[in-house]
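Two chains, two separate frames, one set of hints: put the complex together.
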Amino acid sequence: MARAAKITKLIRAAALLAIAQLASLSPTARAQTDTQLPTVPKECGEIAAADTPLPHGATALRERKQLRILAIGASSASMLGGARDTMPLLEQILERSIKGLDVEIINRGVSGELAAAAAERLKIEVALNHPDVILWQVGTNDAFAQVPVEEFETTVRDMLQWLRKHNVDAILIGLHYMKQLAAHEHYQAIRASLRRIVAEEGVLRIGRYESSEILARTMREEGHPEPSTFGLSEGGYNCMAQYLARAIAVGLFAKPTPKPLP
Amino acid sequence: MPRQANAVDFWRGFALVSIFINHIPGIWFERLTHRNLSVSDSAELFVFLAGWSLGLLVSSRSAATNSALLVFRLGGRAVTIYAAQILISSIALALLASAAYAFDNPLILEWHNAAAIFQEPALSHIGLVLLSHHLGYFDILPLYVVLMLTAPAIAMLDRFARPALLPLSFALYFAALIVPFTARTWPVEGQWFFNPFTWQAMFVLGFVLSRNMGVGAIVRRHIDGIRIAALPIVLVTAVMVVWNWFPDPTALPEPKLLFLNGKSFLTPIRLLQFLALIAVFSAIYGLFAPHVPWLTEFLSSLGRNSLNVFCVASVLSLVGQIIRYRYAASFLVDTVVVLVGLGLLWLTATVSEWRERQKSQS
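If you read the sequences in order, they're chains A and B. One rule links them: number in the working numbering = place in the first sequence (from 1) + 2. One rule links them: number in the working numbering = place in the second sequence (from 1) + 133.
Excised from the complex, chain B in its bound form (with noise of 0.2 Å):
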């Protein structure tokens, strides 16, 4: 039997539906999504998630006794990301192929950073299984294999040296912000859009917080007064990113990373709205949930499946864009997109979690 409805489920299943739409540029409901009043946006809360997620599993009774097992789990789940990750890519680049020959137009096979591939295939398929070479809006996985093949290192930080293991995540955010340093991509020379350095820092952020001991607990035992101080940062940055009231880049002191609003850096700003975001919005799932059973337990289901619903959304989010290419975008093609597009990510969660009962009652 699935596990029932909870708000960590609920909460990754809404950050899927984010990144599902937020995929499609340009598509009339991504005015709807929560990054229209907030800083962050559905990449912070997935990697957030994800961490939270590995604490779980450190915490777990079977976990808890065996840390050679806890590890090869960990590099196992690693490997099950990558794998995921390559074939997503892979039906990427066959999708991008087939819409190309489909409309006459070799343009499409540019898209997304798939020119490389197509044009110098040898040197582009040994970065695409390095991950160092990615599709545009196929980039956060490669991140998230980073972060799994870091985290038996994690958990043996936590298990053995517990107080070191924030301090070293936040001695590298900053380091990574202020010398700045970053992923190199190749073939294609530039930057892996999501730095991992910066960004391991929200993934460990995630697994702190999820414990009931040290720091995670010291949060839920102030989560009052923390959501009384957090409310106005909510409030303000929304303000700020509703009227752009963001101070002038050039304008800023050195190091500018540490002041600038910057996605691909986690920046101070981007990270601290995040925390004050999760510390209000952790209050409200209780008071709605109940309410909205259907909506719980559809978010939830996605959230419970969240690699192959990330997966079937990432390809979904392509062919979204390629049908509002093809078909003169509208607010009708974009519902339909749109419509289509959750129901089928359902039917993935569905179908997941059928055959995990297949697979536990054989």
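Just chain A, with the same shape it has in the complex (with noise of 0.2 Å):
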């Protein structure tokens, strides 16, 4: 409990110093750079994403200023992160890393539901909302209640497909790490589901699983005490905001992949 208290303090102090950095940059340092990418402190291990373009979210940026994002899915606020009644931490770090962006979050999450309940959602809030980016925390669930993968699959494929159509971006966040579910057989099936969807797919994911496990891995090399819940504590939830903005941040200035001549 002490253990995983220090880990939080550690997280949150770094999470807070990588805000006043950017706060603090003089006004021609800040006229210089208009984007300052933020940073992932080294208490939250390795992002694990891809610089995978956010082209409609550039789209919003350049021509409004303002990006509005919907987190669905499972535990949709956990990745939000921040202290309670503030703005949440990804909309913090958004709005000082890149000057003049005005975020708007909007959380639309049901803790259990699964990836096809929420699939039938998210066409409603994207209907009612207009988002230019999507968060969708997805899989723990669907692995729990041992959703058939193909099935699975197929949700969340055909999902994607009718946000790109709609010129929504989507970010996915894949499922816990916890080792004692290495061995899980169903669990690991829709990590790999969800790799290949991601893959196939085009679309940027948060592999929140594989930073964990690095970080659980470099704890234990180091001789420290492996975090035994990372990722359930508020501490987890600012590294997951801290992956997040990073990943948007690199998502909304990344070159479009050409596409491939016919």
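None of these hints come from the bench; they were simulated from the model.
Derived DSS-like pairs: lysine-lysine, alpha-carbon spacing no greater than 30 Å straight-line: (1) K125(A) x K389(B); (2) K67(A) x K125(A); (3) K67(A) x K101(A); (4) K389(B) x K67(A); (5) K167(A) x K67(A); (6) K167(A) x K389(B).
Rendered as structure tokens:
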């Protein structure tokens, strides 16, 4: 318990330091660099995410200086980070990193919801809220509910294609890392399925499992006690918010992959 | 003696069994519940019949004479449902914590919006008591509490300004869809899964249609014609559900909530389809009930003891989810979960009625 609290404190301090550094840039420095890519403190480990472009988010940034992000899926509040009754950490970091950007986060997560139910609601939420980017935490509940892998894959793939058709970027937040689940057959099958979908659909995925796994291994190798409940604490959520902020900022400025010649 | 099997108790029991099964996501038997052929599901039926029961209570002889006594009784009912919500939420939290420890998996502590309770217990417990924090799948009783808190106002409007009741309810319903607005959750920022401002319309409709006067009387007089008009709606929407033939929500005109299919806001298509569904199905109880007395008695006994059975069903659904996580899900596991669950629901109803008998004899 005390260890977990210490880790949480360290992560929180690192996050605040990162924000403070960005905020304290001199006016000259800020003018020179409109964008400062958010950093991820080393306590959070390495972010496992590709530099996937977010073209519709980039258009929103360019044309409106505003980014509307809709969070959906199980425990979606947990990926936004930050203290209670304050602006979510993800919003804070993005607004401080990208000069003049106004970020609006709409949280429509329903805890325990399966991918199929979330996908059904997602279409309605897109119609009502017109987001530029979707953060979809998906997979853990389907793995626990033993949803057949093919069914899960079809649901997520169809939804990603629908979002693309409706000019909305998607970021998938994958399954949690838990050492005890390394041998859980269905959990790992859903995880592999998500990786397959991401590779084929070309969307951004935050590899929470991989990040946490690397972090746990590093801590073990350095002789530190491994965080047994990483991701289930305020510190873990703040790390997720920082991964996301970094991935979004990179995605907004990443050059789109040229389409292959016919 | 418990009252004899009747259509209202039967359909309420049917709704309770559907809720029990649908609250175990992924279970094989989920595909047998009526939501696979219907836009509306057991939640609409549950809330409508709650309103219907309120109508029966208000029109009973004992309630007819004394308004103050009626308000007191309805308030007492709201308190009972509130206490039930607090009890089953506590049991659910204990179940999640037990499963997390037993299976050495802290992720289970995050299931169903429970993370906030375990990580920020001070504020989240306030939220639980204020009904602003709901566990996933434990979110219909908070709606029921709110509806029962409004029940005295509904009963008084019915008594002293009956023509205003339905228009007021629909005015609030359409305002909530057009503006739109809903109830917020706290401390986890979000919305109530069941928007009380729209779902009250279902409750009031149940109340109004149960009465032998006003709109209820008109519907009874023209029920045959209504059924003929309702049948195509039921059939067409069944086809829409099976083939997923719903329009793209982004292509719908504003205000979109008037046209799309959304459960949280009980959008008009769900309301209309539900009314058509009950118009058609209200005819069939009398046709099949004499031929399957065991089924009629079983479901009616659940319906007669709906609150107790609902509470046990909610907890058993969570147990079912944990069992399916622990033991790789299969048809056999799912069958055992459902059969044992239904047996325990029957036991709950039987014990509840036995206790009632003991009380009335003493």
